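Q: Last residue of the sequence shown: 195 in our numbering, with the numbers rising by one and none dropped.
Treat each hint with caution, since some may be false.
[Claimed, not checked] Below 30 Å or equal to it, Euclidean Cα-Cα: the simulated DSS-like pairs (lysine-lysine) are:
| # | residue 1 | residue 2 |
| --- | --- | --- |
| 1 | K188 | K154 |
| 2 | K62 | K163 |
| 3 | K188 | K44 |
| 4 | K163 | K44 |
| 5 | K44 | K62 |
| 6 | K154 | K67 |
| 7 | K89 | K163 |
| 8 | K89 | K67 |
| 9 | K44 | K154 |
| 10 | K163 | K184 |
| 11 | K67 | K80 |
| 12 | K80 | K184 |
| 13 | K80 | K44 |
[As the list claims (entries may be wrong)] Label pairs and their in silico Cβ distance ranges:
| # | residue 1 | residue 2 | range |
| --- | --- | --- | --- |
| 14 | V186 | K89 | 15 to 23 Å |
| 15 | D161 | E131 | 37 to 45 Å |
| 16 | D51 | P140 | 30 to 38 Å |
| 17 | M141 | G87 | 22 to 30 Å |
| 18 | K188 | P113 | 37 to 45 Å |
| 19 | G146 | R24 | 28 to 36 Å |
| 20 | D85 | P113 | 35 to 43 Å |
Hints were generated in silico from the structure; no laboratory data involved.
Remember, predicted model here, so these are calculated numbers, not experimental data.
Virtual Cβ for every residue (Gly too), placed ideally from N, Cα, C.
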Amino acid sequence: MKSVRNSHSTNVAFTDGLSYMHMRRAFYIGRFQPFHLGHYSLIKDIARDADEVVIGIGSAQKSHEPKNPFTAGERVMMIKHALEDAGIKHYAIPLEDLQRNAVWVSHIISMTPPFDVVYSNNPLVVRLFQESGILVEQPPMYQREGYSGSEIRKRMLRGEDWKSLVPAAVIDVIDEIDGVNRLKSVSKSDKDYRD
1 MKSVRNSHST NVAFTDGLSY MHMRRAFYIG RFQPFHLGHY SLIKDIARDA DEVVIGIGSA
61 QKSHEPKNPF TAGERVMMIK HALEDAGIKH YAIPLEDLQR NAVWVSHIIS MTPPFDVVYS
121 NNPLVVRLFQ ESGILVEQPP MYQREGYSGS EIRKRMLRGE DWKSLVPAAV IDVIDEIDGV
181 NRLKSVSKSD KDYRD
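With the sequences and hints as input, model every part of the structure.
A: Here it is, written out as structure tokens:
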């Protein structure tokens, strides 16, 4: 994998104009419906290699749907509180979907602080950033089969244990917003109300 420096780099000049420092800032995007221990572990790993992590909250416009029950603001709170507890410097940036893949990376760059490297295993995300000349790292997934938003949402709907799959701070946010009952409500069909 080759490293390509781009105009979105994070070179920072001190006010005296003589000293320069390079902060390494990483970018990671997900829907975080909800933010779970797989995301948390991956971001902790990214934070070992980066000074700051820019977290893109994808599909920010979606909420109150079976696959997207939480608002962008609620996902920001989940991430903020979970990573604050771990002392990870980060930005959580809601990003609405853009239906034109050819300009998606430019859209991301215009909405986020500068970053040097993207972390992703999504083939489309990897391809789009690589074509834009931005370094992409493909980290190993953390217990992907157990830690997935769809598995957590299924458990919530069935009344099964989901709390062991998310950070404690996320449980607090979901409880505060009555998130499980919201998910159950938006997952019902109008067939459920027929005689």
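Q: Given the hint that K44 pairs with K154, does the C-alpha gap stay at or below 30 Å?
A: holds (26 Å)
Q: If I claimed the Cβ atoms of M141 and G87 lie 22 to 30 Å apart, would that claim hold in this structure?
A: Holds, since M141 and G87 (Cβ atoms, about 24 Å apart) stay within the stated range.
Q: Honestly, do D51 and P140 meet the 30 to 38 Å range at C-beta?
A: Given a distance of about 22 Å, which is not inside 30 to 38 Å, the answer is violated.
Q: Would the pair K80 and K184 pass a check requiring their Cα atoms to be no farther apart than 30 Å?
A: Holds: K80 and K184 sit about 25 Å apart, inside 30 Å.
Q: For the pair we were handed, K163 and K184, check the Cα-Cα distance against 30 Å.
A: holds (16 Å)
Q: Looking only at beta-carbon atoms, does the pair V186, K89 fall within the given range of 15 to 23 Å?
A: violated (34 Å)
Q: Taken at face value, is the distance from the CA of K154 to the CA of K188 at most 30 Å?
A: Distance of about 13 Å is within 30 Å: holds.
Q: Take the C-beta atom of D161 and the C-beta atom of E131, compute their distance, and say whether it sits inside 37 to 45 Å.
A: holds (42 Å)
Q: Keeping to a limit of 30 Å between CA atoms, is the pair of K62 and K163 held or broken?
A: holds (23 Å)
Q: Is the hinted pair K67 and K80 satisfied, with a Cα-Cα distance of at most 30 Å?
A: Distance of about 22 Å is within 30 Å: holds.
Q: Determine whether the Cβ-Cβ distance between K188 and P113 falls within the hinted range of 37 to 45 Å.
A: Since K188 and P113 have Cβ atoms about 40 Å apart, the given range 37 to 45 Å holds.
Q: Please verify whether K188 and K44 have alpha carbons no more than 30 Å apart.
A: Given that 30 Å is the threshold and the Cα spacing comes to 36 Å, the pair is violated.
Hint check: violations occur at hints 3, 14, 16 and 20; the rest are consistent with the structure.
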